[in-house]
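Novice: Here's the letter readout for the chains.
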Amino acid sequence: MEFINTLVNGLNIGVIYAMIALGYTMVYGIAKMLNFAHGDIIMVGGYTIYVFCAMKAASSPAFFFVAIAMAVIVCTLLGVIVEKVAYKPLRGASPLAVLITAIGVSYLLQSLSQIIFKSATKFVSVPELGKVSIGAVSIKVSTIITLVVSIAVMISLSLFVKYSKTGRAMIAVSEDRGAAQLMGINVNSIITITFAIGSALAALAGLFYLLQSPYIYNTFGAMPGIKAFTAAVIGGIGSIPGAMLGSIVLGMIESICDSIAPIAPYKDAIEFSILIIILLVRPTGILGKKRREKV
Amino acid sequence: MTLLKVENLEVYYGVIRALKGISFEVGEGEIVTLLGANGAGKTTTMQSIMGLIHARSGSVTYDGKNITGLPSHKIVRMGMTQVPEGRRVFSELTVYENLLMGAYIEKDKAKIRHDIEEIYSVFPRLDERKNQVAGTLSGGEQQMLAMGRAMMSHPKLLMLDEPSMGLSPLLVDQVFDIIKHFHSTGTTILLVEQNASKSLAISDRAYVLENGAIAYSGTGKELSESDDIKKAYLGG
Ligand SMILES: Nc1ncnc2c1ncn2[C@@H]1O[C@H](COP(=O)(O)OP(=O)(O)OP(=O)(O)O)[C@@H](O)[C@H]1O
Ligand SMILES: [Mg+2]
Chain A
1 MEFINTLVNG LNIGVIYAMI ALGYTMVYGI AKMLNFAHGD IIMVGGYTIY
51 VFCAMKAASS PAFFFVAIAM AVIVCTLLGV IVEKVAYKPL RGASPLAVLI
101 TAIGVSYLLQ SLSQIIFKSA TKFVSVPELG KVSIGAVSIK VSTIITLVVS
151 IAVMISLSLF VKYSKTGRAM IAVSEDRGAA QLMGINVNSI ITITFAIGSA
201 LAALAGLFYL LQSPYIYNTF GAMPGIKAFT AAVIGGIGSI PGAMLGSIVL
251 GMIESICDSI APIAPYKDAI EFSILIIILL VRPTGILGKK RREKV
Chain B
1 MTLLKVENLE VYYGVIRALK GISFEVGEGE IVTLLGANGA GKTTTMQSIM
51 GLIHARSGSV TYDGKNITGL PSHKIVRMGM TQVPEGRRVF SELTVYENLL
101 MGAYIEKDKA KIRHDIEEIY SVFPRLDERK NQVAGTLSGG EQQMLAMGRA
151 MMSHPKLLML DEPSMGLSPL LVDQVFDIIK HFHSTGTTIL LVEQNASKSL
201 AISDRAYVLE NGAIAYSGTG KELSESDDIK KAYLGG
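Going line by line, the protein sequences match chains A and B.
1 is the number of the first residue of the first sequence in our numbering; add one for each residue after it.
1 is the number of the first residue of the second sequence in our numbering; add one for each residue after it.
Don't read these hints as lab results, they were simulated from the structure.
All C-beta atoms, glycine included, are put in the ideal place defined by N, C-alpha and C.
A partial selection of chain A residues facing chain B, derived with a Cβ cut-off under 8 Å:
(1) Ala-172
(2) Glu-175
(3) Asp-176
(4) Asn-186
Estimated spans, in silico, between C-beta atoms of each pair:
(5) Phe-272(A) x Leu-70(B): 44 to 54 Å
(6) Leu-70(B) x Ile-151(A): 42 to 52 Å
(7) Leu-129(A) x Gly-139(B): 56 to 66 Å
Taking lysine-lysine pairs in the BS3-like style, the calculated list, with each CA pair at most 30 Å apart, reads:
(8) Lys-74(B) x Lys-88(A)
(9) Lys-162(A) x Lys-74(B)
(10) Lys-165(A) x Lys-109(B)
Just need the whole structure built from these sequences, with the hints factored in.
Specialist: Here is the structure:
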């Protein structure tokens, strides 16, 4: 049953990366920027859950849902505010200026969390969920929740982008901002919506990490952020299915590395090497396409 | 009545002065052509009218309102849009979805359905290809789609930037027929073209842009008979 464990574990890691990678890829596709502060939104979501769980009614499952809802709300607002305050004034500025600003925002959020919560790792009293046995395999309930919620979110997001008016406007803006404006689309509000969705998904990623391991610290979002960014690039940055596929691929690789004791310590190095190899073979990532040259 | 009035419009790209303070106007119900060689500043003019490029100075008045500096999406809502140079259809979206995008400012779903049917009746080819992604359409079909998409917002003023570019003679004729059709349904047209003979033939008035300044203006007939214009734009 080792194989099934590796598979489930890989999917689990992969769908969490997907929750983060979708934010990177949508913001890249629509706002044409790399939001390096995206990982830190996960951290803010984690601390929000920590604060609510630290309140007295902590272990009550009903209250835990309030904590989750608050994390989603706080992250969504934070994402939108960061975009308005830090990135919007730089619309049309050089990509390097935007990138440096994003790194600055990342440090700002980490430093703020250090000032507010200090630098010691905190235990988060998330509800104990236990395990269930299906035949010969036993799976953690938290893993099942992570898989079910993430897959539902990915399906909903895909349907939203394909069939809603706002979703199609997102595709239009990512393809040709000027032509989209000629349709009467307000590009700024589409960018705001994109940041809101990406940040809400980051909050969910923070939740899933805490369900796996209930500890929060200032750089909680850093490694997941980099890994998910890697996944987005492997899948083809800017592409929504690409971010999902790249994340599952990366999660599987990570899980396989984990399952083979001698190479497990080198899993990060292996993952980043695979990124480099994929970029050498296919610079646009697995599902990314070359920008069509305009006539 | 004047629908669009451009006054002393001046546009820079860095230090390059692409428009040197041009003025012209389009009356309601007219077809007006802006002629000019490559690099004369035609696209720059169109884009700055639509708010896609910011003018250094000068003003644009539409329907009596000063729209200088207004964001493009607001200008579209006032009843003006553009078929941009190079079509710029959304290549990942289907023909049908592109037309839906054209109706982005319309809320009434029944009206959108009706309008799409109307576009299909003007362009039967688009009906045949409605579920095909626009990136795989031929150049001519993309031009039809770009025109249909623009008409979905029911503009009072439609601007077209070189709609005949790169098309076979037969398709060029079709494009001009369609422009005349849109005009006959009450749309005012501002046309940018290098195909001088065809565009002058359907125009009430025309302006000639040279190096970012208006060099000539007159009725379509006057300009098509002028020796200077014949030499420079009509190949003889
Ligand atoms: N983004 C830009 N940056 C710098 N210069 C530009 C830019 N766009 C246009 N120009 C310059 O401005 C001038 C006018 O360009 P514009 O595209 O308006 O010409 P046009 O009349 O539309 O030409 P064409 O018939 O080739 O489309 C040209 O000299 C061009 O090189
Ligand atoms: Mg041009």
